[in-house]
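Participant: Listed below, chain by chain, are the residues.
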Amino acid sequence: MGCGMQALVLNGARDARDFTNEVCEMATSALEGGGWETDCYTLREIKIADCSGCGGCALKTPGLCVLPDAANEIMGKQACSDLFVLLTPLTFGGYSSQLKKMLDRTMGMCIPVYRFYRGELHHALRYPRPAWLLGIGVAPVYDEASARVFDLLIERTALNYHSPSFASQVLAEGQEAEQVRGAVQALISRLEVGR
Amino acid sequence: MNEPRRGFILTGSTRGGRTTSQSVGEYLAERLAKRGAQSEAMRVRSALKSERGIAGMLAAVERADVFVLVFPLFISNLPALTIRALEIISERRNGDGERKPFIAICQGGYPEARQSEAALAVCRQFAREAGFEWVGGLAFGGGSVIGGQPLEKMGVMTKYPRQALDMIAEAIACGQPVPDEAVETAAKLLLPTWLIPPILNAVMLLRLHQNGVLKSFRARPFAR
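Keeping their order, the protein sequence lines are chains X and G. One rule links them: number in the numbering used here = place in the first sequence (from 1) + 72. One rule links them: number in the numbering used here = place in the second sequence (from 1) + 60.
Hints in this document: simulated from the structure, not taken from any laboratory. A couple of the hints might just be wrong.
What the hints assert, rightly or not - Below, a list of computed lysine-lysine pairs in the BS3-like style, where the Cα atoms sit at most 30 Å apart:
(1) G:K275 x X:K132
(2) X:K119 x G:K109
(3) G:K275 x X:K149
(4) X:K132 x G:K213
Please work from the sequences and hints to get the whole structure.
Facilitator: Okay, structure coming up:
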């Protein structure tokens, strides 16, 4: 599985003490152990502006954000990835603002033309091979209600990116590397990788 | 829930200038005023620019009897800037503030209101974690068509969102939760869904033409 394929990991940890950083290291190691070539970005360490909603990536410089920072480089990695991994401290059941600031900047992954996709109207894709989507939320303690929100959010994000399949899980802080590795492997197997 | 007298409307737009979320907030404020309820409005974009702005936002939340968040849908979720505002409010409150009512209103560019379900679920969870009382949320699509214009000026195009906001204003003024009828009304579409893509695409192609990128809008700058 996954041999020679590219994975892009976005780490939305709030600060250096956030356990999400450790999960990120463990998850990246598990992916690489499974044969994935992995690019990992710790977003809090990278200067990325908030999306200004200007529409430039659709209407002025197709596929490229007009803001001059690292977001275009990361979007380029996403365009070339087979697997897109979102790691976040669970924030009201969803993504941290650190992770979301990058996701907001990926509007250029789509073209400004509307199509029906899985029964809903969405923008058509700019690139022909969308990545599988894997979401891992990290919480101080596991909470069923916020885990349900996270699953729903990953499902909707997958619809936006037209991901062929998706999987998500919330991990409680304090997990050992072996547990995280097992969780990542289980999530990958749920993706039915092998198109 | 006691009868609220003062609402705080926080707008989560990321753009400068006139925005659709702002139009929604202004319409709601007018309707509240007609019912004798005062309101205070602020934009996340302005509030987060300085510590003073953040302090002003936090004070406005605590002054209000009801907290209303209006935001655009970005990739099935709240914009990053709006999440940051909620993170700050939650952190500073630490679950200890007065348990006042919280309402979320989401406007998305796609026609289907259900595309906002995850974003509203996040808002509900915010209310739970930050010590607010979730009294409901609603979503409507087609926000990009409004383009920051006053809702009333758009006539029939904003008929259903306005009806839904009227119901919310009434509910706020009476100290009631967001009625199911408001949620259902906001989700109604003026046109059958199948008719929407040709119209939206025609408008978009015209804009691409006007911007001189009609031939290049499918470009793949990062093709493998």
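Participant: Each of the hints needs a verdict: does it hold here or not?
Facilitator: Checked hints:
1. Proposed proximity of K275 of chain G and K132 of chain X is supported: the alpha carbons are some 12 Å apart, at most 30 Å.
2. The suggested pairing of K119 of chain X with K109 of chain G holds, with an alpha-carbon distance near 16 Å, which does not exceed 30 Å.
3. For the hint pairing K275 of chain G with K149 of chain X, the CA-to-CA distance comes to about 25 Å; that is within 30 Å, so the pair holds.
4. For the given pair, K132 of chain X sits about 29 Å from K213 of chain G by alpha-carbon distance, which is consistent with the 30 Å threshold.
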